[in-house]
Amino acid sequence: MTYVHQYFEESERGFIMSKLKVIQVGTGGFGTSWLEIIDNFEAIELVGVVDVNHKNLLNAKEFIKNNKVEYFTDHLEAFSKIKADIAVIITPPQTHKRLALDALENNLNVFMEKPIAHTLEDALELLEKSKQYRKFVMISQNYRWRPEIEAVKQAVQKEKIGKIEYVEWNFRRATKFGGWRDQYEEILIEDMSIHHFDLMRHILGVEPSTVFAKSMKPSWSWFNGKSTATVIMNFENVLINYFGSWVTRGKETPWNGEFKLVGEKGVIELNDDCPSITFADGMFKELLPVPMEFEDREYSLYEMTEAIKENRKPITDIADNINSFAIVGAALESIKQEKEIEITSVLKGRG
Numbered sequence: 001m002t003y004v005h006q007y008f009e010e011s012e013r014g015f016i017m018s019k020l021k022v023i024q025v026g027t028g029g030f031g032t033s034w035l036e037i038i039d040n041f042e043a044i045e046l047v048g049v050v051d052v053n054h055k056n057l058l059n060a061k062e063f064i065k066n067n068k069v070e071y072f073t074d075h076l077e078a079f080s081k082i083k084a085d086i087a088v089i090i091t092p093p094q095t096h097k098r099l100a101l102d103a104l105e106n107n108l109n110v111f112m113e114k115p116i117a118h119t120l121e122d123a124l125e126l127l128e129k130s131k132q133y134r135k136f137v138m139i140s141q142n143y144r145w146r147p148e149i150e151a152v153k154q155a156v157q158k159e160k161i162g163k164i165e166y167v168e169w170n171f172r173r174a175t176k177f178g179g180w181r182d183q184y185e186e187i188l189i190e191d192m193s194i195h196h197f198d199l200m201r202h203i204l205g206v207e208p209s210t211v212f213a214k215s216m217k218p219s220w221s222w223f224n225g226k227s228t229a230t231v232i233m234n235f236e237n238v239l240i241n242y243f244g245s246w247v248t249r250g251k252e253t254p255w256n257g258e259f260k261l262v263g264e265k266g267v268i269e270l271n272d273d274c275p276s277i278t279f280a281d282g283m284f285k286e287l288l289p290v291p292m293e294f295e296d297r298e299y300s301l302y303e304m305t306e307a308i309k310e311n312r313k314p315i316t317d318i319a320d321n322i323n324s325f326a327i328v329g330a331a332l333e334s335i336k337q338e339k340e341i342e343i344t345s346v347l348k349g350r351g
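Count the sequence shown with full-length UniProt numbering and you get residues 1 to 351, in order.
Read the hints as simulated data drawn from the structure, not as lab findings. Every residue gets a Cβ at the ideal spot worked out from N, C-alpha and C, and that includes glycine.
Lysine-lysine pairs mimicking BS3-like chemistry, simulated, CA-CA at most 30 Å apart:
id, residue 1, residue 2
1, Lys214, Lys251
2, Lys135, Lys19
3, Lys81, Lys61
4, Lys97, Lys55
5, Lys19, Lys129
6, Lys153, Lys285
7, Lys135, Lys68
8, Lys176, Lys97
9, Lys129, Lys348
10, Lys265, Lys285
11, Lys83, Lys21
12, Lys153, Lys214
13, Lys260, Lys158
14, Lys55, Lys21
15, Lys131, Lys313
16, Lys260, Lys163
17, Lys81, Lys131
18, Lys97, Lys129
19, Lys129, Lys81
Across the chosen pairs, the derived CB separations fall in these ranges:
id, residue 1, residue 2, range
20, Ser345, Glu70, 41 to 47 Å
21, Leu58, Phe284, 53 to 59 Å
22, Phe284, Lys19, 45 to 51 Å
23, Asn323, Glu159, 21 to 27 Å
24, Glu36, Phe284, 35 to 41 Å
Generate the whole structure from the sequences, applying the supplied hints.
Okay, structure coming up:
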């Protein structure tokens with residue numbers, strides 16, 4: 001079967017792109033908001049929903065009110081019974097590797113919430129095994145696809161402040177989740193910091209080389225694990241000082257955090273999601289957010305559908321995203337060993 005015939009339908013006006021059929025696995029918590037996005041996204045058709053919890057399935061059925069959608073408690077049954085193009089996996093990271101491999105085995109492309117897996121070891125195993133299949137595995141790194149972030153990235157690409165030499169990045173929120181997230185030993189780094197680490201790679205356009213991290217659990221923390229951390233990283237001679245806390249006091253930052261990219265000709269800042277440049281001579285300039293047809297999680301879906309249509313790897317496919325997740329793995333190893341860790345050492349299992 002040719003690529004055109006697989007994803008395009010013939011009409012009187014010629015070939016038109018057919019909607020890609022999606023099975024969503026996981027509808028609890030964050031999964032509900034994904035259901036709404038998927039059910040309303042023009043380029044795809046929701047055909048199946050899976051959740052091991054009957055109550056979650058009933059809630060999903062009531063939420064989307066689409067009689068064409070089939071519901072399952074067993075993902076293997078859904079994958080084998082429904083003809084679909086993409087498995088969208090919105091489940092706890094501990095389940096990602098198994099669900100993704102089962103989807104690939106059933107000839108489905110895979111679209112997953114971050115992170116790739118619960119551990120870097122599992123992520124590396126999934127990466128290697130995914131190479132056996134002629135399907136895409138994409139991780140949704142939705143923070144990349146925001147107008148204020150695009151404005152910053154374009155300013156960096158145009159070398160508005162020359163060579164960037166160091167970065168200050170802060171993230172401070174007081175958020176209560178409940179459920180499986182509360183059981184993480186390093187809740188900040190394992191669950192949240194992947195967003196910021198990925199943004200660093202995306203904005204700077206360079207890769208990390210070393211990581212040194214320390215973490216703690218403040219006395220007032222409601223998490224079981226350590227909810228506050230500092231991470232010092234080297235990105236090809238760009239020094240990055242990152243601090244984050246899930247249990248802050250006082251003013252919170254937006255989800256992107258707040259940062260300064262400091263270069264030879266000035267500084268690019270993001271404060272309250274407002275990007276700006278202050279040049280070395282003191283001149284200040286606001287950076288206008290870049291208009292985008294799709295933003296955030298919708299852009300992630302758009303990127304996946306475009307990649308399938310164009311038969312190319314998505315921008316944040318697993319082979320790329322492993323480099324963001326490796327920073328998490330290196331930070332965890334650094335905390336454990338109390339020393340600086342080289343990224344190459346945690347990626348040594350990669351083929």
